[in-house]
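Number of protein chains: 2
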Amino acid sequence: MILELTGSITNRIFFSGESMDKSAIPTPALLIDIEKVDDNIAQMANFFQHTTAHLRPHFKTHKCLPLAQKQIAAGAIGMTCAKLGEAEILVSAGISSIFIANEIVDPSKINRLAALARQTELIVAADDPGNLCGLAKAAQAAGSVIHVLVEVNVGLNRCGVAPGVAALDLARLTAELPGLHFAGLFGYEGHTQFITDIEQRCHKTESAMHELTSTADLIRQAGLAVGIVSAGGTGTFNISGVFPGITEIEAGSYLFMDSKYQEMGLPFRQSISLLSTVISTPTPQRAVIDAGMKAISLDNGLPKVISPGFVALRALHEEHGLLEVDLQAPALKVGDRVELVPSHVCTTVNLHDQYYVMRDDKVETVWPIEGRGKFQ
Amino acid sequence: MILELTGSITNRIFFSGESMDKSAIPTPALLIDIEKVDDNIAQMANFFQHTTAHLRPHFKTHKCLPLAQKQIAAGAIGMTCAKLGEAEILVSAGISSIFIANEIVDPSKINRLAALARQTELIVAADDPGNLCGLAKAAQAAGSVIHVLVEVNVGLNRCGVAPGVAALDLARLTAELPGLHFAGLFGYEGHTQFITDIEQRCHKTESAMHELTSTADLIRQAGLAVGIVSAGGTGTFNISGVFPGITEIEAGSYLFMDSKYQEMGLPFRQSISLLSTVISTPTPQRAVIDAGMKAISLDNGLPKVISPGFVALRALHEEHGLLEVDLQAPALKVGDRVELVPSHVCTTVNLHDQYYVMRDDKVETVWPIEGRGKFQ
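The listed protein sequences correspond, in order, to chains A and E.
Take the first sequence: its letters are residues 0 to 375, numbered as in numbering that gives the first Met the number 0.
Take the second sequence: its letters are residues 0 to 375, numbered as in numbering that gives the first Met the number 0.
Please keep in mind that the hints were generated in silico from the structure rather than gathered at the bench.
Keep in mind the model is a prediction, meaning the values are calculated, not measured.
Treat the hints loosely; a few may be bogus.
As the list claims (entries may be wrong) - Result set (DSBU-like, lysine-lysine): computed pairs, CA atoms no more than 30 Å apart in a straight line:
| # | chain 1 | residue 1 | chain 2 | residue 2 |
| --- | --- | --- | --- | --- |
| 1 | E | 303 | A | 259 |
| 2 | E | 303 | E | 35 |
| 3 | A | 332 | E | 136 |
| 4 | E | 332 | E | 361 |
| 5 | A | 259 | E | 35 |
| 6 | A | 69 | A | 35 |
What the hints assert, rightly or not - Some chain E residues near chain A, calculated using beta-carbon distances under 8 Å:
| # | residue |
| --- | --- |
| 7 | 129 |
| 8 | 269 |
| 9 | 333 |
C-beta: ideal position from N, C-alpha, C; glycine also.
Required output: the full structure, derived from the provided sequences and hints.
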């Protein structure tokens with residue numbers, strides 16, 4: 000093991016040859032098991048070899064270019080992302096065909112978007128006539144074409160126009176505006192991702208997909224081509240992904256999984272974890288780790304301990320995690336390592352600057368999380 | 000207004016002369032009102048001009064060097080921080096006398112700590128004999144002196160030994176070990192910061208401070224000097240800060256405040272906010288902003304809307320906030336700005352790379368949040 004800390008300020012780790020022992024990783028640290036990640040990528044790619052729909056995985060989960068490149072190499076037709084700043088990162092790395100699954104409305108952002116559209120096929124969601132006019136004007140000025148998916152509310156009740164005529168009206172406007180290309184529809188069934196009962200999840204997802212695809216049919220009947228009908232997430236990839244008329248799925252979390260998605264009966268492996276260190280053992284039953292809510296997220300509930308098996312996380316403070324130790328088990332000592340599985344992978348990744356890429360319990364390399372903080 | 004985006008990838012903003020209009024800030028963005036920040040710094044500095052205790056403000060809240068330098072210039076005796084990586088940032092900026100209010104236990108981190116102690120007065124918390132031996136060995140090898148505050152559990156039930164003899168034992172061990180200097184005691188009354196009833200807050204805080212100062216007295220009776228007795232936070236600065244025998248207070252949040260600390264009847268102004276943009280208005284009653292839990296934290300509950308006055312935040316998704324609009328009020332339009340006050344300032348700052356420093360509603364400058372992510 001040769002570990003060299005180059006510069007106390009950056010805290011970045013570089014390797015000089017050999018791999019680093021897990022025990023030498025400074026904590027808190029986000030670990031990914033690259034064999035399990037590769038398995039998840041292969042599993043998902045294999046699924047989409049047998050469907051008419053394609054996979055356009057979501058960058059918002061991992062925010063990491065080498066992982067996006069792995070997904071593309073396995074057959075993904077491009078990337079989805081949440082923010083313009085993320086799209087810029089992807090394009091800068093030469094990844095083409097990017098869908099920003101969000102409305103971009105600020106004049107300065109629209110100008111950046113139009114400029115970026117000169118470099119790749121750039122697709123954006125829209126649900127407002129004024130926004131469409133702004134996009135068109137900027138694309139014309141930039142000499143680019145912005146591809147637009149009209150966002151349809153399929154039951155999540157967040158963004159998007161109602162299915163049916165409202166979507167048709169926006170599709171027509173998009174098709175008429177110079178600088179824009181009406182590329183199709185987008186409807187995210189976020190409200191069905193975490194229905195634990197599989198029959199219920201199927202039923203509600205299919206209802207949502209029916210709303211979306213029948214809106215696509217309505218638009219086609221009006222004489223417009225609907226190339227893309229985009230939906231889906233990790234919890235519904237195998238429902239929406241085989242629904243007739245759906246052409247793209249935007250799953251992200253399948254790559255890593257988390258304790259909430261683990262309850263959904265999905266065929267993916269838990270490949271990400273947070274490594275922490277016991278910094279205090281004030282009583283035989285209480286131990287404190289150096290990872291709090293600034294290192295692992297809490298919005299889906301408390302993370303779970305993977306190892307050792309005889310401890311449970313009872314509370315997360317800002318900089319600390321409080322463990323309860325089983326009195327029948329061996330005592331935890333100061334310096335012991337504790338590994339946790341995030342309850343929400345996306346908001347946990349969002350707290351970190353790098354992945355420790357593990358193979359056979361050794362650090363093979365460190366990958367920067369280039370998209371972190373690029374939410375503007 | 001001259002705004003120039005230099006490089007689409009970094010998203011960093013630089014100014015060429017004049018200040019930038021608030022309306023031109025890309026969102027989501029963390030704004031600080033520098034006049035209110037300066038007021039809060041002056042208010043706190045003024046308080047500690049009339050006490051025997053000193054202020055050693057906590058870097059974990061703002062993680063920003065210009066703000067630390069303002070606090071020092073106003074009379075703070077040094078900085079507190081939570082992590083070794085934060086201490087390294089502070090020392091690199093020439094800020095001296097740093098207290099890491101946490102146990103540092105990893106061998107590689109202890110070596111970094113001992114090296115850093117060559118450059119400044121470095122104080123660290125400890126509550127374990129084995130850890131003290133490790134610190135001593137590293138300090139000797141590095142030719143430095145590590146100053147140690149023995150951490151005492153004053154009721155928070157996180158880290159720290161029990162008050163009384165257990166603390167005395169660790170103090171003696173610290174004093175005996177070469178390379179270490181027994182500097183005093185540290186006890187954080189985190190369990191009393193948010194007691195809304197002021198009498199109750201006083202009573203419980205004073206009980207905790209009594210535990211801490213009587214332990215200091217016990218150690219003095221055993222013949223050891225106790226230079227520092229460190230405690231306090233924003234919710235208790237004016238209780239612990241005047242308690243006889245307390246020498247240092249580590250408040251952090253007073254600089255910015257948040258909606259939770261606003262309930263505590265403190266003399267500080269709300270000086271931080273999150274600026275967001277309405278990206279969708281799907282129904283007259285629902286609007287969606289471009290800030291979700293990746294841009295503003297949720298662990299103290301939903302953030303509150305500052306402006307406009309006729310909307311309320313109803314939910315935070317990962318990348319979106321869902322607003323309910325009062326039907327009697329003017330409609331929100333796509334592109335409108337919505338400003339929020341964080342419910343927990345520390346975990347919100349932890350999501351951002353920069354502050355937009357506002358004066359008279361214009362951006363005066365942008366400060367990087369150098370300490371973000373430096374939790375290793």
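Pair hint residue 332 of chain E and residue 361 of chain E, alpha-carbon separation not exceeding 30 Å | OK: residue 332 of chain E and residue 361 of chain E at ~23 Å, within 30 Å.
Sort out whether residue 35 of chain A lies within 30 Å of residue 69 of chain A, counting only the CA atoms.
-> holds (13 Å)
May I ask you to test the interface hint for residue 269 of chain E with respect to chain A, counting a Cβ-Cβ separation under 8 Å as satisfied?
-> violated (20 Å)
Mind checking the alpha carbons of residue 332 of chain A and residue 136 of chain E for me, to see if they're no more than 30 Å apart?
-> Roughly 19 Å separates the two Cα atoms, so the pair holds.
Agreement of residue 303 of chain E and residue 35 of chain E with the hint, judged by alpha carbon distance not exceeding 30 Å = holds (19 Å)
With 8 Å as the cut and Cβ atoms as the points, is residue 129 of chain E at the interface with chain A?
-> Constraint on residue 129 of chain E satisfied, holds at 6 Å.
Taking 30 Å as the top limit, are the C-alpha atoms of residue 259 of chain A and residue 35 of chain E close enough?
-> Violated, because 41 Å separates the two Cα atoms, which is more than 30 Å.
Quickly compare the C-alpha distance for residue 303 of chain E and residue 259 of chain A to 30 Å and report which way the hint goes.
-> Since the Cα atoms of residue 303 of chain E and residue 259 of chain A sit roughly 27 Å apart, the hinted pair holds (cutoff 30 Å).
Go through the hint on residue 333 of chain E and say holds or violated, using the shortest Cβ distance to chain A against 8 Å.
-> holds (5 Å)
Violated hints for the displayed structure, listed by number in ascending order: 5, 8.
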